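K.L.:
As you go down the protein sequences, you meet chains C and V in turn.
First residue of the first sequence? That's 67 in our numbering, and the numbers climb one at a time after it.
First residue of the second sequence? That's 2 in our numbering, and the numbers climb one at a time after it.
Rather than coming from a laboratory, the hints here were simulated on the basis of the structure.
Bear in mind that the values here come from a model prediction, so they are computed numbers and not experimental data.
Cβ atoms here follow ideal geometry from the backbone N, Cα and C, with glycine treated the same way.
It is possible that part of the hints are untrue.
[To be verified] The following label-pair restraints were derived from C-beta to C-beta distances:
| id | chain 1 | residue 1 | chain 2 | residue 2 | range |
| --- | --- | --- | --- | --- | --- |
| 1 | V | E16 | C | D104 | 25 to 33 Å |
| 2 | V | N68 | C | Q84 | 41 to 49 Å |
| 3 | V | Q15 | C | S135 | 48 to 56 Å |
[As the list claims (entries may be wrong)] Here chain V is said to cover these stretches of chain C; the calculated rule only asks that three of the stretch's residues, wherever they fall, bring their Cβ under 8 Å from a Cβ of chain V:
| id | region |
| --- | --- |
| 4 | 103–110 |
| 5 | 136–147 |
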Amino acid sequence: DAGITQSPRYKITETGRQVTLMCHQTWSHSYMFWYRQDLGHGLRLIYYSAAADITDKGEVPDGYVVSRSKTENFPLTLESATRSQTSVYFCASSESVGGYGYTFGSGTRLTVV
Amino acid sequence: DQQVKQNSPSLSVQEGRISILNCDYTNSMFDYFLWYKKYPAEGPTFLISISSIKDKNEDGRFTVFLNKSAKHLSLHIVPSQPGDSAVYFCAAPNQAGTALIFGKGTTLSVSS
Chain C
67 DAGITQSPRY
77 KITETGRQVT
87 LMCHQTWSHS
97 YMFWYRQDLG
107 HGLRLIYYSA
117 AADITDKGEV
127 PDGYVVSRSK
137 TENFPLTLES
147 ATRSQTSVYF
157 CASSESVGGY
167 GYTFGSGTRL
177 TVV
Chain V
2 DQQVKQNSPS
12 LSVQEGRISI
22 LNCDYTNSMF
32 DYFLWYKKYP
42 AEGPTFLISI
52 SSIKDKNEDG
62 RFTVFLNKSA
72 KHLSLHIVPS
82 QPGDSAVYFC
92 AAPNQAGTAL
102 IFGKGTTLSV
112 SS
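All chains, full assembly: derive it from the sequences and hints.
P.N.:
The structure is reproduced here in structure tokens:
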């Protein structure tokens, strides 16, 4: 199916565990982004990528790692999950960095217990 | 320091009336602004944008107004419909122009 897919949709993990959230897009968009949505904070940028093997930090990168070995995939890894990382995570892709063409995935709701 | 601010967490409006959602910004160098709409359990979707060289952009029931001197923009929805009930985010490009930064969002509830 064409589009942007995030998996899993829901995840519960324990404090200290490593967890990876997956993001896959079928358009070959150059730009991909990870945001987290929290009550009272809106959407905050975690990491972004301008192309395969090019990534950079956003506003709240601590505790997260990303990679982009292929254009279509942009996984987000929490190396040692903490309760403060309980959130809804959104992946987005865009043909340009401008933001007009941002397409978001449906999100992953992560709960760290 | 939040560069894009939505100071009203929520807004309730009756069907058929006008909804006005507000957004303030601090960086006078922003080239454009966007509004995104988000339903529960879905990702945000692009709604409407405005270039900094314009003061108004209209798309059907949605109009965005930009007041550069006040560093303020607003989204008007006329007439409001129950299906407009969602969270609305104001956004602008970050300083490096590499990604969007979003406000905290305003939850709009339109009652029939």
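K.L.:
Next, verify each hint and record whether it holds.
P.N.:
Structure-based check of each hint:
For V:E16 paired with C:D104, a C-beta distance near 30 Å keeps the hint of 25 to 33 Å intact. As the Cβ distance of V:N68 to C:Q84 is approximately 47 Å, the hint placing it in 41 to 49 Å holds. The hinted window of 48 to 56 Å between V:Q15 and C:S135 holds, with their beta carbons roughly 52 Å apart. Note: the region 103–110 of chain C has 5 residues with beta-carbon separation from chain V under 8 Å; the three-residue rule is met and the coverage holds.
Here's how the region 136–147 of chain C fares: 0 of its residues keep a CB closer than 8 Å to some CB of chain V, so the rule of at least three is not met and the hint is violated.
Checked against the numbered hints above, the structure breaks only hint 5 and satisfies the rest.
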